[in-house]
Amino acid sequence: MEASELLQLVIAGLKNGSIYALLALGFTIVYAATNVINFAQGEFYMLGGMLAVFAFSGLNVPLVAAVALAVVTVAGIGALFERLAIRPRKDADPMALIIITVGGSLVFASVARHLFGSDALPLPEFTPGPSFVFAGAAIERQTIWIWVIVTATVIGLTLLYNRTRLGRAMRACMENREAARLMGIDTARVVMVSFALAAALGALAGVAVTPLTSTRFDIGAGIAVKGFAAAILGGLGSPLAAVAGGLLLGLIEQAVIPFSSVLKDVVALAVLLLVLFVRPQGLFRRTRKEKV
Amino acid sequence: MGMLSVQGITKRFGGLTAVDAVSFEVHEGTIHAIIGPNGAGKSTAFNLLTGFEKPDAGTVSFEGATITGMRPHRIVRLGLVRTFQNTVLFDDMTVLENVLVGMHVRTRAGFIGSALALPRVRTEERLAAEEAHRLLRLVDLGEVADARAGDLPHGRRRLLEIARALGSRPRLMLLDEPAAGLNNAETAQLAETLRRVRDSGVTIVVVEHDMGLVMDVSDEIVVLNEGRKIAEGPPLLIQKDPAVIEAYLGEEAVDA
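Chains A and B, in that order, are what the protein sequence lines are. For the first sequence, the working numbering assigns the number 77 to the initial residue and increments by one for each residue that follows. For the second sequence, the working numbering assigns the number 65 to the initial residue and increments by one for each residue that follows.
The set of hints was computed from the structure by calculation and includes no laboratory data. Computed from a predicted model, the values in this text were never measured in an experiment. The C-beta atom is built at its ideal place from N, Cα and C for all residues, glycine as well. Any given hint could turn out to be false.
What follows is a list of derived Cβ distance ranges for each label pair [stated by the list, open to error]:
| no. | chain 1 | residue 1 | chain 2 | residue 2 | range |
| --- | --- | --- | --- | --- | --- |
| 1 | A | G232 | B | D155 | 23 to 29 Å |
| 2 | A | V148 | B | A252 | 53 to 59 Å |
| 3 | A | A264 | B | E256 | 37 to 43 Å |
| 4 | A | R159 | B | G206 | 39 to 45 Å |
| 5 | B | A121 | A | I174 | 37 to 43 Å |
| 6 | B | E92 | A | P164 | 38 to 44 Å |
| 7 | A | L288 | B | R170 | 43 to 49 Å |
| 8 | B | R138 | A | A144 | 35 to 41 Å |
| 9 | A | E201 | B | G206 | 52 to 58 Å |
| 10 | B | E127 | A | D294 | 55 to 61 Å |
| 11 | B | R170 | A | G232 | 24 to 30 Å |
| 12 | A | P170 | B | T94 | 26 to 32 Å |
| 13 | B | R198 | A | G232 | 26 to 32 Å |
Examples of chain A residues toward chain B, derived with CB under 8 Å [unchecked claim]:
| no. | residue |
| --- | --- |
| 14 | L135 |
| 15 | L139 |
| 16 | K166 |
| 17 | R241 |
| 18 | G260 |
| 19 | I261 |
| 20 | D262 |
Using the sequences plus the hints, can you model the full thing?
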């Protein structure tokens, strides 16, 4: 394989990986606050793209505003989902809550189908124009946008966690919910904010990728598997590890393409199973000795 | 009436009455100890005082407000904070960050404000950090502010927990066996710290097994035995009280 082809695969891997990273962050943030795997995470991605298309094509809102509107609306949907479907059952077994999120994802998908139909819907690129060529490999402008969005998200989350009162409250809940509650932290509110934030990140990913792939009511479940695999790869702990998990999964997928393009979609599941069997704490987490 | 008013609290577990119609008042600006031999009902009493368990009878009120059954974060907001027998810190955070989390109820910045890094929010963060440093100096942890909390030795973890509890600017702090697992030097430092905290205007209730600490720092002592209050008064009187001596001698006789 030539160097430029290899580079092209790496670019594609980092592009897809960035999207997986945003979804993995969503899984990780909700898990940290609740110990629940939110399988509706993929639907936030779908809704982000859908609402952006609807605002742009249906309401003729400028693209920038349509994107912002979609992300904010989906964040609201995430908060509402937590309030209406999760909080009333918050003392239930995590498994029951996980089933609720699976149910939620089915509801979101069928509502989207009724509202927006079952066709694939397109969105223009944020900044249309020819691809950049770098060392013989092409980089679409939208790919650059995706990288910018992921980078900005990582910086934003790092600042949130380390520099703000809310971020500290979220970390405190992550480490020990009971102790956090005793510090006067309203943990119910932290959970709701976590869902809103995860939904916003999912929507951001969906909006960023729709110009390249278009969107459809039924794409949520497929991307949720990828994001979940990336989150597991990262260990469902630190946000940075989730991002690393996403990028790594994107690259692994591209690595199998030269051998068989059919296998690409199996990779996420294979990685998921392998990690769960061999290293359930994820690649980047030190196993900590529990104190007695 | 005292700052914390305990009226006839009773708690039964099956056939056992762990706490039996206990009443006492904690006055502002004092260190009040609750002692008793093993199984006297100290831990249950502590959980009742902090609103963690609901008494079968009786009430606990803090400055006139009944705290029984109130949600923990509301109790903290009233100005009543507790520590644990097994120190529970946020190990992955720094010492300073632990205190900042303790200050959570007193700061206000919400999500939007933080996201926009409003000047008001930045000022609040700076002031909060300054106060957290001040609290760390109060408990002699000023120089390890940036260490990871999980890396502190046992005695210092206990002091950090106190600093973190002070972060909520409580009017009353309840400590559950603060001397447990500490050596003599650490216990002496703890006593010194508790006095300093009291003198800074925080009333303290301590449930404790360590007699040395209790006699050293307490202004007022309540002695429980088999769930009942058998004596109450300043340390010098308690040391001479025949009922107390008998309860403790009984324990030693059993231990021996």
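Now for the hints, and whether the structure bears them out:
Between G232(A) and D155(B) the C-beta distance comes to about 25 Å, which sits within the given range of 23 to 29 Å. Between V148(A) and A252(B) the beta carbon distance is about 57 Å. The supplied range of 53 to 59 Å therefore holds. A C-beta distance of roughly 39 Å is found between A264(A) and E256(B), which places it inside the suggested range of 37 to 43 Å. Hint check: R159(A) to G206(B), Cβ distance near 43 Å, so the stated range 39 to 45 Å holds.
For A121(B) and I174(A), the hinted distance range of 37 to 43 Å is satisfied, since their beta carbons lie about 42 Å from each other. In this structure the hint that E92(B) and P164(A) lie 38 to 44 Å apart at CB holds, the actual value being about 42 Å. The given range of 43 to 49 Å is respected by L288(A) and R170(B), whose C-beta atoms sit roughly 47 Å from each other. For R138(B) and A144(A), the Cβ-Cβ distance of about 36 Å falls inside the hinted range of 35 to 41 Å, so the restraint holds.
For E201(A) and G206(B), the Cβ-Cβ distance of about 55 Å falls inside the hinted range of 52 to 58 Å, so the restraint holds. Distance hint for E127(B) and D294(A): a CB-CB separation of about 58 Å, consistent with the stated range 55 to 61 Å. Restraint check, R170(B) to G232(A): a C-beta distance of roughly 26 Å satisfies the suggested window 24 to 30 Å. Taking 26 to 32 Å as the suggested C-beta distance range, the pair P170(A) and T94(B) does not conform, at roughly 45 Å.
One distance hint, 26 to 32 Å for the beta-carbon pair R198(B) and G232(A), holds here, with the actual separation near 31 Å. With a least beta-carbon distance of about 25 Å to chain B, the hint placing L135(A) at the interface is violated under the 8 Å criterion. Taking 8 Å as the C-beta contact cut-off toward chain B, the hint placing L139(A) at the interface is violated, the least distance being around 22 Å. About 13 Å separates the beta-carbon of K166(A) from the nearest beta-carbon of chain B, more than 8 Å, and the hint is not met.
The restraint placing R241(A) at the interface with chain B holds, with a minimum CB-CB distance near 5 Å, inside the 8 Å limit. Annotation: G260(A) was flagged as interfacial toward chain B, and the flag holds, the nearest CB pair being 3 Å apart, inside 8 Å. Because the closest C-beta pair between I261(A) and chain B is about 5 Å apart, less than 8 Å, the hint holds. Given the 8 Å rule on beta carbons, the hint for D262(A) holds: about 5 Å separates it from the nearest Cβ of chain B.
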